[in-house]
Each structure stands twice: as C-alpha cells, then as structure tokens.
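J.: Listed here are the chains, written in short residue letters.
There are 2 protein chains.
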Amino acid sequence: MINKLCIIGVGLIGGSLARALKQAEHVGHIIGCGRNAEHLERAAGLGVVDSYDTDITTAVSDADVIVLAMPVGSMNDVFAKIDPVVKDTVVITDVGSVKGNVVRAAQQNLVNRLDMFVPGHPIAGTEKSGVEASFAELYHGQRIILTPLENTDPNATRVITDMWHAAGAEVSALSVEHHDEVLAATSHLPHALAYTLVDTLAHMHERREIFQFAAGGFKDFTRIASSDPQMWHDICLANKDALLDMLHRYNDDLKHLTDAIEKGDSEFILNMFNRAKSARDQNC
Amino acid sequence: MINKLCIIGVGLIGGSLARALKQAEHVGHIIGCGRNAEHLERAAGLGVVDSYDTDITTAVSDADVIVLAMPVGSMNDVFAKIDPVVKDTVVITDVGSVKGNVVRAAQQNLVNRLDMFVPGHPIAGTEKSGVEASFAELYHGQRIILTPLENTDPNATRVITDMWHAAGAEVSALSVEHHDEVLAATSHLPHALAYTLVDTLAHMHERREIFQFAAGGFKDFTRIASSDPQMWHDICLANKDALLDMLHRYNDDLKHLTDAIEKGDSEFILNMFNRAKSARDQNC
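Top to bottom, those sequences are chains A and B.
Under numbering that gives the first Met the number 0, the first residue of the first sequence is numbered 0, with each subsequent residue one higher.
Under numbering that gives the first Met the number 0, the first residue of the second sequence is numbered 0, with each subsequent residue one higher.
The hints are simulated quantities; they were obtained by calculation from the structure and are not laboratory data.
Please note that the accuracy of each hint is not assured.
Same chains, same label: a pair holds when it works inside one copy or across any pair of copies.
As the list claims (entries may be wrong) - Calculated lysine-lysine pairs in the DSSO-like style (CA-CA distance at most 27 Å, straight line):
#1 Lys-3 <-> Lys-86
#2 Lys-262 <-> Lys-239
#3 Lys-21 <-> Lys-239
#4 Lys-21 <-> Lys-86
#5 Lys-21 <-> Lys-3
#6 Lys-3 <-> Lys-80
#7 Lys-127 <-> Lys-86
#8 Lys-218 <-> Lys-127
#9 Lys-218 <-> Lys-21
#10 Lys-262 <-> Lys-276
#11 Lys-254 <-> Lys-218
#12 Lys-127 <-> Lys-21
#13 Lys-276 <-> Lys-218
#14 Lys-80 <-> Lys-239
#15 Lys-239 <-> Lys-86
#16 Lys-80 <-> Lys-276
#17 Lys-86 <-> Lys-276
#18 Lys-254 <-> Lys-21
#19 Lys-127 <-> Lys-239
#20 Lys-3 <-> Lys-254
Construct the entire structure; sequences and hints are all you get.
T.: Below, the structure written as structure tokens:
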C-alpha cells in the first residue's frame, strides 16, 4: 500500500498504472505532474489522478513513491529538480524503455538518494499514447523488468515490486546492460524497422495505391510505426550503442538475404525462412 | 453459379474459397487436386471439397472453372499438364501473390487457351497454412486484384469476378507490372524484413531471454514470419526484380536512419518518425 503516489507524465503508461493501483486499492492519493495543465485537468476529469500540479517541486514534496513516466529525454532535468525537495524516505522508480541512460542520469543528478531509485521498465504498451488511451488492465500478466543497482536499498526494490504486483504484472530482474541489449533486439530495432518501412513506402509516387492494397499482415507489421515519434526518438538516442549494434547485425543479415534473392540461392532463402518460422513458432 | 469447380492446392487460400462458395451456394461440385492424397482426404473429411483426385489430368478434365492455389513455383508444370486435357469452355484463374511470373508461365504453357486465363490475387490470408486453417469468411470485405491480359476473354473475367463476389470479396483490376510493384512494397518486402528480424535474433546467444522479454509489438511485427517458408521462397524469387528494387530502397533509408542515430541527428530522426506515423495513421 502506497500512501501518496506522484506520477510525473500521466500518459498511456503512467495513466494505466494509476488506474490499476486505484482499482487494486493499493494507493491512498495520486498526484499527477506534467508541463501541460490542460492535459492534467483531463487526467483528473477521467479520475485517473486525484489532484495535479504543474510545478514539479511542490508535486513531489510529500510523495512516498514517485514514478517517472515522461519520455526518457527529460530524465536529467527531472532528477535534478526533485533531488533536493523530496522526503528522505521517498522511493523513486521510472518506466523508461532504456535503462543505461536513465541510470547515468540518476547517478549524476539524484546525488542524495541514489539508493532509493529502482530503475524499471514495464514491457507493455500499445501504439496509442495519451491518458485517454490508458486502461487499468494494461499490465495484467505483462512483465516488468527492474534493474536495481548494487547499492539500491532492498526495501525500495520491494516497494516497487509490490506496486507492480498490485497492478497485475510479473516482475523480473536484469542487469542494466543486459536489459538494454535485449530491448534493443526485441523492441527498439523493430520500431526503427517499422518506421523506416512506412517512410520508404510514403516516399513512393504510387503511395496512394500502395497503402490501398495493403493487407492485414502489413497493418500488423507496421502497427508500431504509429507509436509516439518523440518517445521513440528519445529511446533510439538513449540506447544508441545497443541499437546501433543490432542495426548493424540486421543490416548484414538483410544483405545476405538480398544477395541470395539476387543469385536465386533457393537453399539459403529456404533455410533462413525455415529457421525464422521455427524460432517464432516456438517462442511467441 | 459454377457447375464444376476444380481447386488445385487445397490449403488456407484454396480451402477458404471452397468453403465460401459452398456457403454462398455458388458452386455445384468441388473437386480438390494435389500431390498428397492424405491431405486431400482431410479436406474431403472436413467437407471442404466434394471429391478429390491426385491425378491432375483427370481432376481438371470436366471442370468449368479451375483455380490454381498451389505455390507459384509449380505454375509452369501445372499449366503444361492441364492445357491439352481441359474443356474448351474452361475458365482458369490463380491466386498467386506474384503475377508477372505466373503470366509468363501461362504464356509459355497454356498455349491453346491463354484467353481463358484470368490472373488473380486475393489480398487476404493469415500466417497459418493448410486446409485446417481455412474458413469461409477469409475473403469477406477483402480485396481481390485481377490482372487480365490484353487478350483475356471478358466473359472469363466476368466468371472469376462473380466467383469472388460470391465469396464476399471486392474485386479490383491492375496491370500485371503495377500489381507486382505494389505487392513487392506492401507484402513481399515486409515478409523479407520480418523473416530477417526473427532470424537475426535467433542467432544471438541470449536467444532464450530475448524472446522471453518480447512484448505485443514484437509479436505483431513478426507474425508474418510464421508464414509458409516454401510459399514465400517461391514469391521472393518469382517477384525478384520488384522485390530487389524495394530491398535497395529500404536499405538506403535504413542506412540514413542508422547514420542519423550514430550522429545524434535529432531532426532527421524526428522528421522520419513523424512522417511515418502520419502516413500509417492516415492510410491503415
């Protein structure tokens, strides 16, 4: 049970967590914080938060738990602002899709209470964004990865683990580095590939017909290209090294397939498609 | 209304057409044909076909309409076998995902009745294959592209158009070349990209964890990599030129994105993601 929870960034992710914790009666009061008062007003109108404040220093001042749910590009700034004004017992977590970059921001700016920061990442979401798209069941049965540091207070990790369990999620632990490699492969690379595909097609002069004759497979494949561009821009730069490594691997493999199609190398193509189908059928 | 229909290749596509035409009472008798008697036995057991024959020359001999629904790699062989033995009034169509290659096979092997061949392609399907996955509603509201040739008999085109309407589909016409360019962009390229992604990940030594931490976006993105490898091998080679053109365009665009991430070029990344999101939101 959390007495007072402050959520910074009340969008799909923050809003869905708020709804889930209210539904589970795991929270006393939720204060929403963000730069846009109109947006926060809507979140309050929807009953997602109990109150709101656009001034981050007053919003966090008596919170017991703070969840950072804004795009990862603002982490430095937010850590620096909250560090001097929060309660000594506060537990802080985030929901960023990249952990190395967030942890570096915390190490530089959360100087008084780094041990109370539990880096986290819910592997959940939809291509939609904004508080209107939030719903209490988003995390049901989904996985949350926490990447506690060597000095993270185990009690802080417990508070955040309990919070996510109350929201219906499963909680796993990974190292920061391992998280960023795995997510570059399964999430950041696919987003980069999907954005690129839709943009490639949008350039072509037959654009209208092209989209008109797209089938269900195309819609599924490109769904993630409807995700929030600012958020994914931030993620691509925040996890630059791991993402570039994956882009280079992918590019090599795509080059091999292109060469095989060019040469009519049936064996290569069939082997690759068979390996891929069997990996997906086994694992998804 | 079709009196006697012969479907060569009773899988997801052929089987779903059979089910739809029976449901619409648009067909008298359906004979299934293929190389695997056990498979055809199952199709008959499911009520998808009324009879079956593994000998193609007897299967087609008194058919009024023949639908070629086997992988596009076998078109030459099948055209050559049926050409001398069918009724003079027979109408022939296919469901191949590539049209140029199928039309060339018809021009070379369907010498006595090229005017009765209506090349076709239903833009429908799932990642599943086989007659067990077939269902009567697969084509409801979906689009069928016909690519009739200059000499195609308009009556033949009408018979095939009526057949697809009876199955619940909408019918459009495109030129052969235009079809192959559009489908290379919206279907063949995405399949090549999805197979490559899953294979890239399956190579990595963290393979197990990687798939374990994959979210819904990844599952959607890679669904088409569960498609039939032999069928997609055939398509990639049959539409080689248009697909290679798309692969080169895509590769250039992905290289630009990779460079922008490397250089931290926020403007390029944001512009590209915004263009892609708006193209997808408008068109899908």
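J.: Now tell me, hint by hint, if it's right for this structure.
T.: Hints versus structure:
| no. | hint | verdict |
| --- | --- | --- |
| 1 | Lys-3 <-> Lys-86 | within (11 Å within a copy, 81 Å between copies) |
| 2 | Lys-262 <-> Lys-239 | between (34 Å within a copy, 10 Å between copies) |
| 3 | Lys-21 <-> Lys-239 | neither (36 Å within a copy, 55 Å between copies) |
| 4 | Lys-21 <-> Lys-86 | within (23 Å within a copy, 71 Å between copies) |
| 5 | Lys-21 <-> Lys-3 | within (12 Å within a copy, 63 Å between copies) |
| 6 | Lys-3 <-> Lys-80 | within (19 Å within a copy, 77 Å between copies) |
| 7 | Lys-127 <-> Lys-86 | neither (34 Å within a copy, 55 Å between copies) |
| 8 | Lys-218 <-> Lys-127 | both (14 Å within a copy, 17 Å between copies) |
| 9 | Lys-218 <-> Lys-21 | neither (34 Å within a copy, 30 Å between copies) |
| 10 | Lys-262 <-> Lys-276 | within (22 Å within a copy, 35 Å between copies) |
| 11 | Lys-254 <-> Lys-218 | both (25 Å within a copy, 24 Å between copies) |
| 12 | Lys-127 <-> Lys-21 | within (22 Å within a copy, 40 Å between copies) |
| 13 | Lys-276 <-> Lys-218 | both (19 Å within a copy, 12 Å between copies) |
| 14 | Lys-80 <-> Lys-239 | within (26 Å within a copy, 57 Å between copies) |
| 15 | Lys-239 <-> Lys-86 | neither (34 Å within a copy, 64 Å between copies) |
| 16 | Lys-80 <-> Lys-276 | neither (49 Å within a copy, 33 Å between copies) |
| 17 | Lys-86 <-> Lys-276 | neither (52 Å within a copy, 41 Å between copies) |
| 18 | Lys-254 <-> Lys-21 | neither (50 Å within a copy, 46 Å between copies) |
| 19 | Lys-127 <-> Lys-239 | within (24 Å within a copy, 36 Å between copies) |
| 20 | Lys-3 <-> Lys-254 | neither (53 Å within a copy, 47 Å between copies) |
Hints 3, 7, 9, 15, 16, 17, 18, 20, counting from the list given before, are not met by this structure.
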